[in-house]
Each structure stands twice: as structure tokens, then as C-alpha cells.
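When you get a sec, could you build the whole thing from the sequences and use the hints?
Chain residues, written in single-letter form:
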Amino acid sequence: MHCPLFVESDDPLHASVEHLPLSLGPRGRDPKMSAPRNSSDGSLVTTQSRQGSPPQPVMIQNSSKHCARSRRVGYDPALTSSLPSIPGPSLSEPPGLDAGTHTGSESDQHAANERATLVAFFMVRSMHLFQGGVCMVTGWRAYTRPRLALATLLANLLESTWLARRCWRRQAYRETFPALVDTGCGLVSLVAIAAATTPEDRTTWLNWMCPLTFGTAAGVAMAIEDRSAIAWPVALASTYVGTVWPSMRIGGSQVATAVANTASYANYYFAADRFVHRLRRDARRLEAARQETLGERERLATEQERNRQHRLLHDSALQTLEAVAGRYDVEPEAIRRQARREATALRRAISGDLTQLRGLRDNLESLAEEFAERGLHVEMIVTELTHEQTDPTTVAALTEATREALTNVLKHSGVKEVVVRALSEDEGTKITVRDQGKGFDASSNQRGFGIDNSILSRLADVGGRADLWSEPGQGTRVELWTPR
Amino acid sequence: MIGVAVVEDHPLSRQGLMQIIYQSNEMELVATASSVGEIEQEGYERVHVVLLDLHLPDAEGPDAIMRVKAKVPAVVVISATNDHRSVVDAIGAGANGFLTKGANAHEILKAVTTVAQGGAYVTPMLAAHLLRHAREADGSKASLLTDREREVLTLMAQGETDAAIANHLATDQITVRSLLNDIRDKTEQEYQADCFGYSREIDP
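These protein sequence lines map, in sequence, to chains A and B.
Per our numbering, the very first residue in the first sequence carries number 1; after that it's consecutive.
Per our numbering, the very first residue in the second sequence carries number 1001; after that it's consecutive.
Source of the hints: derived by calculation from the structure; they are not laboratory data.
Here are the computed lysine-lysine pairs in the BS3-like style, where the Cα-Cα straight-line distance is at most 25 Å:
hint, chain 1, residue 1, chain 2, residue 2
1, B, Lys1110, A, Lys416
2, B, Lys1110, B, Lys1186
3, B, Lys1071, B, Lys1110
4, A, Lys416, B, Lys1101
5, B, Lys1110, A, Lys438
In this text the structure is predicted, and so the values were computed from the model without any measurement.
Below you can see the structure in the form of C-alpha cells.
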């Protein structure tokens, strides 16, 4: 069967809106306004088929952050290579638009567009169904088989409800199966309504299935972005032509209406196709641009970080190395001290463990440095300092108390090693200073062995306390504690 | 004699480590290399313990450790950094001990001797990292460590001696050592199960 295909002018949105109140009379669509779909539109087809690959959602979710790290540093090349540099769609390959593969990796804009299209589609459908209801009430007597017409209306109501629910759950009308059901329902209903009306009435308002299936044709364009789907609106138009064929002999106005309506199938299909295509393409471009911006920002951050590191190295280690390599007469002990200071600073800079408390941690590490220069090796353990101790008075009190404890170790313990462990507890911060030195009889309360009273009162001022344990030959343990 | 290999790319550090091993009576330096690829080419013949730098030109931390552990029973990591991630990643990848570059000769020799006997060399610093790791794993899964194991780590992290810990737990030092070994093994197994969904066989 010959089926003329016309395409709407440049504004697809306008076209679809313009056609909403159906023109069943000869007024229809002025054929002069429509141009036959020419081959230049074929570009659309090729564009679509290129973009037809479904988006691959590559969101790697690590059950544990430990794994994220160990993968990054490369446990297994196979694992590493499967990691995307940026989660979500990559820049070089925009996400595809295949039906039924709407995934979370697409942008919010995209989701909003799909929802808006969906709402528009079902508003039009509701209007057509309402129109069908009006036809049934006002034209009950005009139908030869009014019950068949009513049954058709109810069937379409049911089918549309099912379609709306299904699409709403998926937040998109982008899959083949429901489009197939909708088209099938449209085909059967067209025949049923024709059977319920006289040939004269099939080109009039009584045939409300005709405008409804225009919407079906538009829906096919939304659901299936493959040009072969055009076969479906063609089938709808052909069925319509088949049902109104007997009316053609009646008069010129019937013929004009039939031709205009047939053309409308094509109008609806192509208008919806271009409209939806443009929306989805814009959303895709927006997403690509967003990804590009993100990538750019990341590159910039990397560069800043590199500059910062260069500066860090230049200001510290490089100068010291030059001093060592050069022929300056520098005392070895001074070089050693300088090297130790810079090693600590560099280690701190590269470890960058931001969960750790900066103020107290920095102070403690400086203490370790300070005492190392005085000949006491302090194993300073700050990894368990996981909570922020924000109050500067508390930080100062803890720092001074630790310094005092370390000074005592240096003076009295007779050993050159001490372990200091700082720990964030639920209610406070605890620092333990433990040496394995001579120790003393804590009960004897020898002057100079304990913790200075001024330190004790400073700790007490912030609600903290200090405990001292020692036995001759068992070393000494000092415990400092402050609340959070 | 314990066969020791030193894998370290920094020439001064490498020389320092070699010197320490030379001067020991119980150890023999059988190989040195500046990258994992180099030691793999040289082969691991007579190597019992590898002293491994954590940042090598051809392999980062865990990757290097796993490659070496596939061939050698014991690895002691010597690292310039000791942030929590580096330490846990290293133990998870199979390191038997973790030292910072500030460690003195005595400590390095003690670590090599301990791991050569099949033990884990747990310093107060490592104990604190393992504790933090176990604490952070709490809530997401069944407790990684038993109360007794946590107690051992806590005492260790506070700088108590093996003897004092054994005394405190009313047991002997051998039990304390074996508890520490169990903790290291458990941490590694849990880490690998977490990352790959299965447990790798642990070398005895």
C-alpha cells in the first residue's frame, strides 16, 4: 500500500503542539507546508546508528577503602586496567541512546528531559482518551455497534494505564516491548472502531482512535531510536487507510480528511523523533561538557600539587643536599640535625593523612625531633590520633606535659629509647609515655621524678589528669589524659 | 646463617643496610638489587629474608611485596613513610615486619632474625596501626581480632616488653609471640579476602 510520508517543518515542538486538537475535517494539515522527507535527513539516521551503542555503566564500588588504595597502587594488572579514570561515561565516547538501557550514569538533565517527555506523551494520551469518552456519550446513537466502541475505549484506557505505570517506574519510555504492545493495541482498536461505525462516519470525529494512534506513532519515535521503527507508524497509517477506504467513494471531503490524517501519522512520528532526539543529544552534550570541566579541574589540581611539591623539595631537601655535596665546611652534626628536620617535614607533607589531628600531632612530632637532637630516640606513635582535639589550651597542656615526661626520661631513665603513644578515645585524648629504664619507687615521691605540679594543674584546668607508674628496674609509664 | 637480600633503590640507604647485614655474625648478604625486576633476574637462591624498600622504581608497595612474597618466605619492609595506609597495605600484602628508615641497626637485625624464624616483627608503631585497622573494621564485619589479641596489641603499642605483656596476660612470651603472628596472618587474610573475595594461602 502506498503510504506518503511527510515531514514537519523545522520546529518539532511547535508541530506536535499544533496538532494536539485534532483536525478531522479537511482543514487538517496543509500539504503545501510539508516537504517530502528527502535524503538529506538521512544524516540523522547515520548519526543515530553511530551512537547506538548502549552506555556501559562502569561504577566501581569498593566494599572497602583499603582495597581502593591497594588496587590503585596495582595489585593485579587486570584489576587495575578495568578501572576507569573518571567514573561514568568517558569523554571520547558519549553515552549511547539505545532503547531500554537508561542507566544511572547519565546526567540529571537527561533524566529531567525524559520525565518531561513522558509527561507530555501521557498528557496527550489522556486527552485523546477523554475525547473518546466524549464521543461515546454524545455520539452513542451514531455508532452502529456502540458497545464495541465502548469496549475499545475501555481496552485503551487499561492499556494506557499499564503503559503509564511501566514507563513511570522506569522514568522513561525507551524500550521496544511496550511500544510494540501500544502499537498492537492501536492497530486492533482502529479496526474495532471502524467496525463500530458506518463508512461515512469513519472520517469524522466518531473515529477517535485515529488521533489516539497519532500519539502512538509519536511514542514509537520516543521508545525506539532506530529508523527501522518507522515500519510501525506505517502499519498504523496503512490500517487507518484500510478502514477508511470504503469512505473514499463517498466524497471529496472524506478523501481530503483521509489524506490529511494519513500524513499526520508521519508528522507525529518525525516531529516526536526530532524533538526527542534533540533533547537527548543536548543532555548528552551537557554531560560531556560537565565531564570535560571535571577533567580540567582535576588536571589543574594535579599541576598545583606538583608545583607545591617542587617548591617543598626545592626549599628543603635540595638545599641540604647541595650543602652536603658542596665544599662548605659544615659540621657533620649540624648536617645530621638539618637532615632529620627535613625528613620529618617531608614525611609529614607526603603522608597527608587528613583524618589525623594536625595541631597535637605536629606538636608531638616536633617533640620527637627535638628530643632526637638531645639524644633520646622517641618512637612517636600518632596513627591512632583520629579525632580532632580542637581546643588550643588542651593541645598546649598535652604538649607541655609530654615534653616534661620526655625530659624526665632523658634525665633519669638511663635509656635512650622511649615509646610515646597518642590515642583518640571516645571521650578524650590519651598519651602514654613508656620507657624501659631504671624506674624508681613511685611511692617514695622523690623530688624531680614525677610530673611537675605546674603541668598537673594545667592538665587539671582543661579537665585532664596525669598518672604515673614506676618500679625500680621496670621503667616508667606516664599516662596523660584530657577530655575532648 | 640467614640469607638476606636487600632491595632498595636509594644508594645511601642500600649501602647502610648492606653494612648492617655484613657486620652481623648470623646473617649473610646473598643478593642486592635496586628494583624488584633486578632481584627477580638475579634469583632468590639461598634468600630467606628480603629487606624491601616500599617505594621502588618498578613496583609500588603492595605490588612489590606480593611479588617477593611469592618466592621468599619473609619480607621486612623498610619505608620512608609510615602513614596508616602504607602500613596496612604492606601488612595486607604479606609483609612480616614494617620498619621506618629511622630504625637503627639493632632493630633491623632483630626484625630479620624474628621473621627468619617464621614470626611477625611487631613494633609498637605497627601494633598501633593494626589496632587502628581493627577498630576501623569494627561495625562493618565481625570483629577482626579477639579481645585477647587487642589487649596484646594495646600493651605492645604502649611500649611494654614481651615479658611484661606475658606477665600481664598470665602466660609466657612464646604465647605472646604466637598471638602476634596470628594477628598479622589474620590481618593479611582479611585484607586479601576483602580485596579479591578469597583468601590467599599463607606461607607457614
